[in-house]
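As you go down the protein sequences, you meet chains A and B in turn.
Going left to right, the first sequence walks through residues 1 to 375 as my numbering numbers them.
Going left to right, the second sequence walks through residues 1001 to 1149 as my numbering numbers them.
These aren't lab readings, by the way, just hints derived from the structure by calculation.
Check each hint, because a few of them may be wrong.
As the list claims (entries may be wrong) - Covered stretches of chain A (in silico footprint by chain B; criterion: 3 or more residues with CB under 8 Å from a CB of chain B, positions within the stretch not fixed):
| id | segment |
| --- | --- |
| 1 | 50-61 |
| 2 | 211-223 |
| 3 | 334-346 |
| 4 | 359-371 |
Backbone N, C-alpha and C define an ideal beta-carbon position, used for all residues, glycine too.
Letter by letter, the chains look like this.
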Amino acid sequence: MDRMEVVRADDDRDTYYINMGPQHPSTHGVLRLRLHLDGERIIDAEPIIGYGHRAHEKMAENRDYLQFLPNTSRVDYLSGMIYNLAYCQAIEKALEIEVPERAEYIRIIAGELNRISSHLLWLGTFLLDLGGITPFLYCFDDREKILDILDSVTGSRLTYCYGRFGGVTMDVDETFLENTAAFCTYFHKRLVEYDKLVIGNVIFQERTKGVGIFAPEIAARYAVTGPCLRALGQARDVRKDEPYGIYERFDFAVPTCEKGDCFDRSIVRMEEMRQSLAIIEQALRDIPSGPVMAAKVPKRIRPPEGEYHFGVESARGHFGIYIVSDGSDIPFRMKLRTPSFAHISTMPEVLVGTMLADTVAILGSIDIVIPEIDR
Amino acid sequence: MIEEKLNELDPAIVSTAENYAVKGYCYLHKLEVARLPEAAALFCEDGFQLEMMTCVDCRESDGIFRLVYQFNIYDIAQRHLLHVDLAPDQAAPSIAAVCPGANWYEREVYDMYGVEFSGHPDLKRILMNDDYVGHPLLKDFVDTAPQVI
């Protein structure tokens, strides 16, 4: 790479190391980056992870399938609903359990609301990293509305355990549907405001355009997924490529950009919120009445012996659950493929040659969640 | 197609088509550990990405560690699973040179199972502390951390 040669320090120049983190406001958790610097320019970067390791995969091998259910939303606490439902769907697929229509629609609504709330938190904290405090307050105000809606039906605000094998725990009532519809109307207007306040802001553009470009070959080598990949112009979305649940019934676009810099990633996420709203509105229109739990769910969950993979599109990218079953009611092995792990492993390549101050923008724009990396 | 290319590489590679609707992947290939770097290179040349790589501790039932590589090509969403069986003390060849994404996954397998990867650029622990003793995901792992009462 010629870019690397340009920034290689000459032998007679002093270079130095700086530790960013583990307790740094812009690392959103306990992540340490050991940066080798020549002046303000990074010549080598090494992410050091594992500070938040909670051994979820080991826990999975020590309890039965149902007992692992509450763990799933703790893996990525920002899109906990999506992870929780993904795990339920993975087991349902292995056991071939039919989920009632109404439950499928509720899952779509809950999952997409969760995606918007995750993107809102990203938007707020990203701008906080860049030095803008006001949008953070706006985003948390809006996010609060989603949390209230989900709280009313799931009973929790962050680490949801709403899914069950064969459906969802609680049926939604008319108030939930009305509140969700009202939120959609409200949030469409808010997105226009965000566009003016943030995306159209010259300071924001100057700070993010051309910064932290993921070259397509880097994305391919490290299996980058989600908004980071779509910002490169590749319209890959698990919801479209390998439709799960009832996503194929919905009409939504996969937003993409061209350059793959921090600005493009922001645009993609803003547009994704609009698409999520469109999905929610269609689901609200079509949701049928009926039961929310399958009539016949085996009391003991024992997937037939073998290996299973189930992937979903989380707010950050492709989240995969790989289960090895030995036919008993405890998983023999469960591997959680998390998008942030793949994204942060690109950092040694992406950060080389960038300025120290841009590191903050790059980390913020790839929307990493540390517990998801460490598991 | 990749399964034909794998067969050309080594006719001893056993490829089985799987039920995608239930299992979530299209093919399962079982190969010898010596063939791993060439097979990984074949996948990468064909535009596949290494989605995930991990290990399964099958020492009790089969006396082996099973390395599991999951390749996917997003254009057609065709997921392939590779099985490589290792004897307990045997080192596996690293594929980080062919596929840099494997670098961290191999470190994780080393950290959690103690499986060594020859030719890895920087094989060290990734999730546990550097001075940690033991490999937590082994089935016979006993937690020796002091208990707080």
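Okay, the hints, checked on the actual structure:
no.	hint	in the structure
1	50-61	holds (count 6)
2	211-223	holds (count 4)
3	334-346	holds (count 5)
4	359-371	violated (count 0)
The structure fails to meet hint 4 from the earlier list, while all remaining hints are met.
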